[in-house]
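Undergrad: Produce the entire structure from the sequences given, and follow the hints as far as they go.
Heads up: the sequence lines are chains L and X, in that order.
Counting in our numbering, the first sequence runs from 1 upward without gaps.
Counting in our numbering, the second sequence runs from 1 upward without gaps.
Just so you know, the hints here were simulated from the structure itself, not pulled from any lab data.
Certain hints may be false.
Stated by the list, open to error - Computed cross-link-like contacts, EDC-like style, restricted to lysine to aspartate or glutamate with a CA-CA straight-line distance of at most 20 Å:
#1 X:Lys119 x L:Asp107
#2 X:Lys308 x L:Asp62
#3 X:Lys44 x X:Glu275
Said to hold, decoys possible - Just the calculated beta-carbon pair ranges, DEER-fashion:
#4 X:Val127 x L:Gln199: 55 to 63 Å
#5 X:Val309 x L:Arg144: 13 to 21 Å
#6 L:Ser196 x X:Val127: 28 to 36 Å
#7 X:Ile297 x L:His208: 35 to 43 Å
#8 X:Ala116 x L:Pro42: 36 to 44 Å
#9 X:Ala116 x L:Ser63: 35 to 43 Å
Note that beta-carbon positions come from the ideal geometry of N, C-alpha and C, so glycine has one too.
Each chain, letter by letter, is given below.
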Amino acid sequence: MTAQNPIVFQIENLNLFYGEKQALKEISIAIYEKEVTALIGPSGCGKSTFLRVLNRMNDLIDSCHITGNVTYHDQDIYQPKTDVNGLRKSVGMVFQKPNPFPMSIQDNLIYGPKCQGIRDRFLLKQIVEQSLKQAALWDEVKDRLKESALALSGGQQQRLCIARTIAMKPEVILMDEPTSALDPVATAKIEDLISSLKQDYTIIIVTHNMQQAARISDKTAFFLMGELIEYGDANQLFSTPENKKTEEYITGRFG
Amino acid sequence: MSRINTTLRSKKILIDQFAHQGLKTLALLSASFIFLIGSVILVKGLTPFLTDNDGLGRVGLIPFITGNVWLIDPTFQSSLYSVGFLIITTLYIVFLSLLISFPVGVLTALFIAKIAPKKLAECFRSVVEILASIPSIIYGLFGAGFILKIVYQMSQLVGVQSKGGNSVLSTVIILALMTIPTITTVSEVAIRSVDQRLIEGSLALGASFTQTNFKVVLTAAKSGIFTAAILGVGRALGEATAVSLVAGGRRSGLSFDLLDTTATLTTTMLEGMKESQGLDYNIRFSVGMVLLVVILITNFLLNLIKRKVGKIHVK
Chain L
1 MTAQNPIVFQ IENLNLFYGE KQALKEISIA IYEKEVTALI GPSGCGKSTF
51 LRVLNRMNDL IDSCHITGNV TYHDQDIYQP KTDVNGLRKS VGMVFQKPNP
101 FPMSIQDNLI YGPKCQGIRD RFLLKQIVEQ SLKQAALWDE VKDRLKESAL
151 ALSGGQQQRL CIARTIAMKP EVILMDEPTS ALDPVATAKI EDLISSLKQD
201 YTIIIVTHNM QQAARISDKT AFFLMGELIE YGDANQLFST PENKKTEEYI
251 TGRFG
Chain X
1 MSRINTTLRS KKILIDQFAH QGLKTLALLS ASFIFLIGSV ILVKGLTPFL
51 TDNDGLGRVG LIPFITGNVW LIDPTFQSSL YSVGFLIITT LYIVFLSLLI
101 SFPVGVLTAL FIAKIAPKKL AECFRSVVEI LASIPSIIYG LFGAGFILKI
151 VYQMSQLVGV QSKGGNSVLS TVIILALMTI PTITTVSEVA IRSVDQRLIE
201 GSLALGASFT QTNFKVVLTA AKSGIFTAAI LGVGRALGEA TAVSLVAGGR
251 RSGLSFDLLD TTATLTTTML EGMKESQGLD YNIRFSVGMV LLVVILITNF
301 LLNLIKRKVG KIHVK
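TA: Okay, here's the thing in structure tokens:
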């Protein structure tokens with residue numbers, strides 16, 4: 001086995017509750033730098049909930065509370081003094097349905113940096129160009145940066161949302177089923193993009209689509225009923241799963 | 001097929017047809033009122049310009065619209081009725097009141113919709129609803145009994161002789177108070193219906209709640225907030241009762257001075273009406289015509305701006 005990349009997220013004995021209902025049970029997992037980690041499992045298995053633990057998006061739900069340890073570079077992100085906005089700046093998120101702001105393409109991209117207090121026009125212009133290039137969208141939109149982002153196609157909107165996340169220069173990008181609302185052509189583009197982004201970013205992606213997980217991920221985690229059933233190298237998990245439930249799921253016998 | 005009860009079926013069809021025709025008649029009836037109102041205002045309102053008004057002389061349309069004086073006295077000449085200065089003061093006062101009510105209303109709406117804890121929000125929402133349902137005469141009495149006194153004291157302080165506080169300022173304050181509930185209610189609905197996914201998108205970029213509220217939520221609700229402003233302007237333009245209690249009934253001359261007396265199209269229509277016929281009576285319908293035209297034009301212009309503002313970034 002080759003040497004492991006450094007660990008970014010270390011999660012130990014994580015339990016998550018919505019009120020009384022337990023949504024995640026005793027999850028322990030390590031996420032490695034500059035890899036694509038795919039989270040798979042049937043609907044309601046807790047994979048999206050787990051993703052939202054990592055940038056504390058679950059904070060928006062009043063009844064949600066957790067126990068256990070979630071550390072990001074050895075720092076407990078659930079301490080009271082955690083700078084949540086700072087965390088979300090380094091751990092970006094792309095959502096299931098493209099959610100560009102009702103503004104121009106350019107304003108969508110500089111929104112985040114501006115919220116961090118960046119005012120320098122030249123720098124902002126640079127950020128726009130760089131992040132669009134990285135998200136493979138520059139050639140399609142460079143002549144209409146001032147037009148509404150809502151006029152873009154669904155696939156372009158999703159790449160814009162990825163670009164918007166990249167504009168924050170994050171370390172990790174969380175993706176919550178980013179292609180589930182897109183057609184196959186747009187999906188293929190996003191998958192190519194994910195593979196190229198891997199060089200610079202750690203990517204954690206929730207997906208319904210097992211072929212997608214097999215195609216793009218380095219490591220895959222299989223969730224079922226709030227539990228982490230199996231986690232390992234994607235090749236191995238898809239070819240010779242250790243757990244019987246994993247095998248049943250990936251061969252399509254349930255889910 | 002024989003199992004279907006044909007009598008029952010034909011009875012249902014009959015009821016459907018009856019309901020359809022009945023509702024159509026009702027709808028036509030209410031719609032026809034617009035023609036009725038329009039024609040009454042038009043016929044009465046045009047009389048001063050078309051007849052010699054029982055010997056007082058024909059009113060000239062152009063002098064009427066552009067003039068600078070309004071004198072109530074049927075024995076006076078017809079040339080002494082004009083509304084030019086009233087059109088301008090009306091727009092001026094409505095604009096000033098919007099300067100207060102728009103920011104206050106929108107920010108209150110933002111607080112209720114996004115910031116206040118649920119129970120407090122419920123409480124504020126009911127208060128705003130109550131404010132919206134208070135009759136305008138009550139606002140007027142409050143204005144006469146309270147705001148006039150304050151404005152009067154204030155003008156004393158700065159050494160201006162104001163007529164008991166009857167002034168542009170008092171009128172603007174009353175109109176602002178009356179339009180805040182309208183603007184708050186309508187923009188709150190717009191703010192609440194902003195897609196939660198946009199809010200999550202903003203927070204996920206590391207933006208704070210305040211940044212999200214001001215930059216994403218208000219931007220996304222822009223179109224609805226503009227509608228709120230249009231409705232607010234509508235209410236302010238049409239308000240008569242409360243305003244006539246604090247405006248001071250100015251009779252001539254344009255004055256933008258905040259502490260000077262003033263008058264609007266509506267107060268002028270209302271004040272000093274004694275007869276139920278003749279020039280002094282009919283001329284008020286002419287003012288009503290002018291008010292309707294002013295409202296139509298204002299609405300048209302505001303909608304034009306709204307479309308331009310909303311076009312680029314809102315679907």
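Undergrad: Now, for every hint given, state plainly whether the structure supports it.
TA: Each hint, compared with the structure:
1. A C-alpha spacing of about 35 Å is found between X:Lys119 and L:Asp107, which places the hinted pair above 20 Å, so the restraint is violated.
2. Under the criterion of a C-alpha separation no larger than 20 Å, the hint pairing X:Lys308 with L:Asp62 is inconsistent with the structure, at around 39 Å.
3. The suggested pairing of X:Lys44 with X:Glu275 holds, with an alpha-carbon distance near 14 Å, which does not exceed 20 Å.
4. Evaluation of the 55 to 63 Å hint for X:Val127 and L:Gln199 yields a pass: the beta carbon distance comes to about 57 Å.
5. In this structure, X:Val309 and L:Arg144 meet the distance hint of 13 to 21 Å, their C-beta atoms being roughly 20 Å apart.
6. Separated by about 55 Å at the C-beta atoms, L:Ser196 and X:Val127 break the suggested range of 28 to 36 Å.
7. For the pair X:Ile297 and L:His208, the beta carbons lie near 55 Å from each other, so the given range of 35 to 43 Å is not met.
8. Range check, X:Ala116 to L:Pro42: Cβ separation about 39 Å, and the 36 to 44 Å hint holds.
9. Look at X:Ala116 against L:Ser63: about 19 Å separates their beta carbons, and that is not inside 35 to 43 Å.
Comparing the model with each earlier hint shows violations of hints 1, 2, 6, 7 and 9; every other hint is respected.
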